[in-house]
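Undergrad: What follows is the residue order along each chain.
Number of protein chains: 2
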Amino acid sequence: MTARVTLDLSDPVPPYEQIRRQLSSLIAVGVLEPGSRLPTVRSLAADLGIAAGTVARAYKELEQSGLIESRRRNGTIVVGPPGAPHGVAGGDAAVMAAVDVLIRSAREAGIRDDTLIDLVRGRLTSKLDP
Amino acid sequence: MTARVTLDLSDPVPPYEQIRRQLSSLIAVGVLEPGSRLPTVRSLAADLGIAAGTVARAYKELEQSGLIESRRRNGTIVVGPPGAPHGVAGGDAAVMAAVDVLIRSAREAGIRDDTLIDLVRGRLTSKLDP
DNA sequence: GTCTTTGTATCACTAGATTGATACAAAAGA
DNA sequence: TCTTTTGTATCAATCTAGTGATACAAAGAC
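Protein chains in written order, with the numbering used here: chain Z, 1 to 130; chain D, 131 to 260.
It is worth saying that the hints were derived from the structure and are not from the lab. Here the structure is a predicted model, which is why all the values come from computation and not from measurement. Treat the hints with care, since some could be wrong.
As the list claims (entries may be wrong) - With a Cα cut of at most 30 angstroms, we get these calculated DSS-like pairs of lysine-lysine:
| no. | chain 1 | residue 1 | chain 2 | residue 2 |
| --- | --- | --- | --- | --- |
| 1 | D | K190 | Z | K127 |
| 2 | Z | K127 | D | K257 |
| 3 | Z | K60 | D | K190 |
Please take these sequences and the hints and turn them into a complete structure.
TA: Structure representation (structure tokens):
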């Protein structure tokens, strides 16, 4: 249960952000279910060969996003995604399906992955007002 | 036609990246159609109050993504998105529709915007092998 | 052929981000 | 109550990315 997070030091994305992204999407996908315990900051740091503070930073940001919850001495557990607070598991399934549809149609249209991300981002921000 | 790009200096995202993202999504959405002329690096830089090299960097990355094409003395024009090279306008419309469906279902599920981006990213990378 | 307008390349400076180390704080358990 | 295990805070060192300035190069206009 340790090796679900990987680091690529040649990636320009900094380690704490790699950790954050991977855990975020694992939680969003449902691989990490609410109640799951994450490794302690020290153990994950040791596994990855980095400082504990780096893992702590990733955890902190995930907590601010409402995906996990850290308590001293108790460790860190998954509480999200916050979308289906009443156990409505269908919500996330619908989102996942929508993601897959999007990716398939984007690939068919020949849109690059980076461009697709930009597209979603742009659409998200432009949907704030209306 | 100049003010379609905005800078937010308080945003941690650097200026060149803000420019890149905005133009990328404008092109992907179709607001900037193939053949459109982008402002010159100097004029856009002057409008935004930044150095020309900063705009040039954004343009360079967009060119590497295949979205625009720069020629000396000729300026820079939109050539993409590369998805519908034969004028199949329906391709991008399908992608746009998929994006909207995704955003709507994510909002209904209460998923944060940042988390949604992470989710799409994670799904994109995990879809490389299979 | 010259001039002017465009993008391109380079380079040093600065500012900020990231990290690792260390010390601190809380909370559970013996 | 003492100890241990966890997360948290801090802080300085390093490193890298981003920028602005300047000079260069190509290509069309005249």
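Undergrad: Given the hint that Z/K127 pairs with D/K257, test it: the Cα-Cα distance must not exceed 30 angstroms.
TA: It holds: about 28 angstroms lies between the C-alpha atoms, which stays within 30 angstroms.
Undergrad: Below or equal to 30 angstroms on CA atoms is what counts here, so check Z/K60 against D/K190.
TA: Violated, at about 35 angstroms.
Undergrad: Is D/K190 within 30 angstroms of Z/K127, Cα to Cα?
TA: Holds, because 28 angstroms separates the two Cα atoms, which is no more than 30 angstroms.
Of the numbered hints stated above, the single one contradicted by the structure is hint 3.
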